[in-house]
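So the protein sequences, as listed, match chains Y and Z.
Taking full-length UniProt numbering, I'd label the letters of the first sequence as residues 1 to 233.
Taking full-length UniProt numbering, I'd label the letters of the second sequence as residues 1 to 233.
Since the hints were made in silico from the structure, they are not lab data.
Please note that the accuracy of each hint is not assured.
Since the list gives no way to pick out one identical chain from another, each pair is judged satisfied if it fits inside one copy or across any two copies.
With a straight-line Cα cutoff of 27 angstroms, these simulated DSS-like cross-link-like pairs (lysine-lysine) come out [claimed, not checked]:
1) Lys218 / Lys232
2) Lys218 / Lys78
3) Lys24 / Lys232
4) Lys24 / Lys218
5) Lys163 / Lys111
6) Lys111 / Lys166
7) Lys232 / Lys111
8) Lys159 / Lys111
9) Lys218 / Lys163
10) Lys163 / Lys78
11) Lys218 / Lys159
12) Lys53 / Lys24
2 protein chains.
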Amino acid sequence: MDNKQLTRHISGQFNAELEAIRNKVLAMGGLVEQQLEQALDALGTLDVELAQKVIEGDHRVNGMEVDIDEECTRIIAKRQPAASDLRLVIAISKTIADLERIGDACVRIAKAAMEKRSNNQQPLLVSIESMGRHATRLLHSTLDALARMDVESAIELHKEDAKLDKEYEGIIRQLMTYMMEDPRSIPGILDVLWAARAVERVGDRCKNICEYVIYYVKGRDVRHVSYEEMEKD
Amino acid sequence: MDNKQLTRHISGQFNAELEAIRNKVLAMGGLVEQQLEQALDALGTLDVELAQKVIEGDHRVNGMEVDIDEECTRIIAKRQPAASDLRLVIAISKTIADLERIGDACVRIAKAAMEKRSNNQQPLLVSIESMGRHATRLLHSTLDALARMDVESAIELHKEDAKLDKEYEGIIRQLMTYMMEDPRSIPGILDVLWAARAVERVGDRCKNICEYVIYYVKGRDVRHVSYEEMEKD
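Please build the complete structure, drawing on both the sequences and the hints.
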């Protein structure tokens, strides 16, 4: 085997390793998406068993984070990637931290689904579920943008979070009215409040992941940068 | 200059670079600690000007995160660190993300300090301030453990977060009583609730940073690992 062949061989193996962690992060994203959907299903139908399943499933998300993170470190140490390869590894290692936290949000939502609710709290849960479905679509599209490293979609989706924030503000106002009308319901409604907040945070995490896609493609850190500046680039 | 000298020279420069990012992350930690103290001062005295100052100061925290993160990437690309050097860079790049989020928590606390409060909400703010001082001490000791890469302290501090969580639960209960007694106060108290939650999150962030110290020293990822397992190691 001559030297050139060897180089190609090593580089081919390196490519395979990069491809493998890309696939792993997408698989982790798929699992988190499923957790989010099931948590919302549980909330919508007050299905305690399903909620329990989501809570128990969180350790798989955590395990994937640790696993992929180790793999990223191993690649950096062994392959000494530069330029876009290094950016890919960094983008992935940041993405999994956000995915893990979306996993925690799913647990929070599932916990709200496990509380006994009076009938008059039903409309509240419907609002949260609907906001949650919005967040699920945002997560799905974000993972799509990540899979295709599609910077245009990432910029579009980055803006989508603001809509979710508006929806969240509306729900908080709604929750306040409920609490003021029936103060005895306050402890139960606080759970719903945490669930709403968890859904809102899913949007923030998606926004972060979009920033990593932009970082990978453009080589520029756009955290704390305004849309105007982002689009100008 | 012979080859050996050159190597020593390069390595000396590399050490200086590692030392420089270590110092930068500690400086960032110092700034965040100051932000947290001032946010709590503002909450304790309802000092709107000081609260405003904290809110405006957050962009400096953000700027430091982006700056140090770039420096970490540059070191990985240029120096191709391995073993403990690589772990140091990774630990730092994760630490700054948590510090940045503690910065966001300070903004949240400062915002609660800016609202007009009736006198009967004063005791609530005192509770949050006291919990906040606890969190500040925890942050200070965590940064200390980080500066000395002291794994024993890191393990001890890691447990401290549970105490903060207990304090937080007590405050939430207290907040609920207030809301139930005077439903009109609910909107104002929700701000206090967010501030309490922000303080509680500071503890979680400190716990994360302790995990990075353990990771750096022991070379082991202890996220999602129980204390028993951690101490057995």
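For each hint, the structure was consulted:
no., hint, verdict
1, Lys218 / Lys232, "within (12 angstroms within a copy, 45 angstroms between copies)"
2, Lys218 / Lys78, "both (25 angstroms within a copy, 19 angstroms between copies)"
3, Lys24 / Lys232, "neither (33 angstroms within a copy, 30 angstroms between copies)"
4, Lys24 / Lys218, "both (23 angstroms within a copy, 26 angstroms between copies)"
5, Lys163 / Lys111, "both (25 angstroms within a copy, 22 angstroms between copies)"
6, Lys111 / Lys166, "both (24 angstroms within a copy, 19 angstroms between copies)"
7, Lys232 / Lys111, "neither (43 angstroms within a copy, 32 angstroms between copies)"
8, Lys159 / Lys111, "between (29 angstroms within a copy, 24 angstroms between copies)"
9, Lys218 / Lys163, "within (25 angstroms within a copy, 44 angstroms between copies)"
10, Lys163 / Lys78, "neither (43 angstroms within a copy, 41 angstroms between copies)"
11, Lys218 / Lys159, "within (18 angstroms within a copy, 41 angstroms between copies)"
12, Lys53 / Lys24, "within (22 angstroms within a copy, 43 angstroms between copies)"
Violated hints, listed in ascending order, are 3, 7, 10; each of the other numbered hints is respected by the structure.
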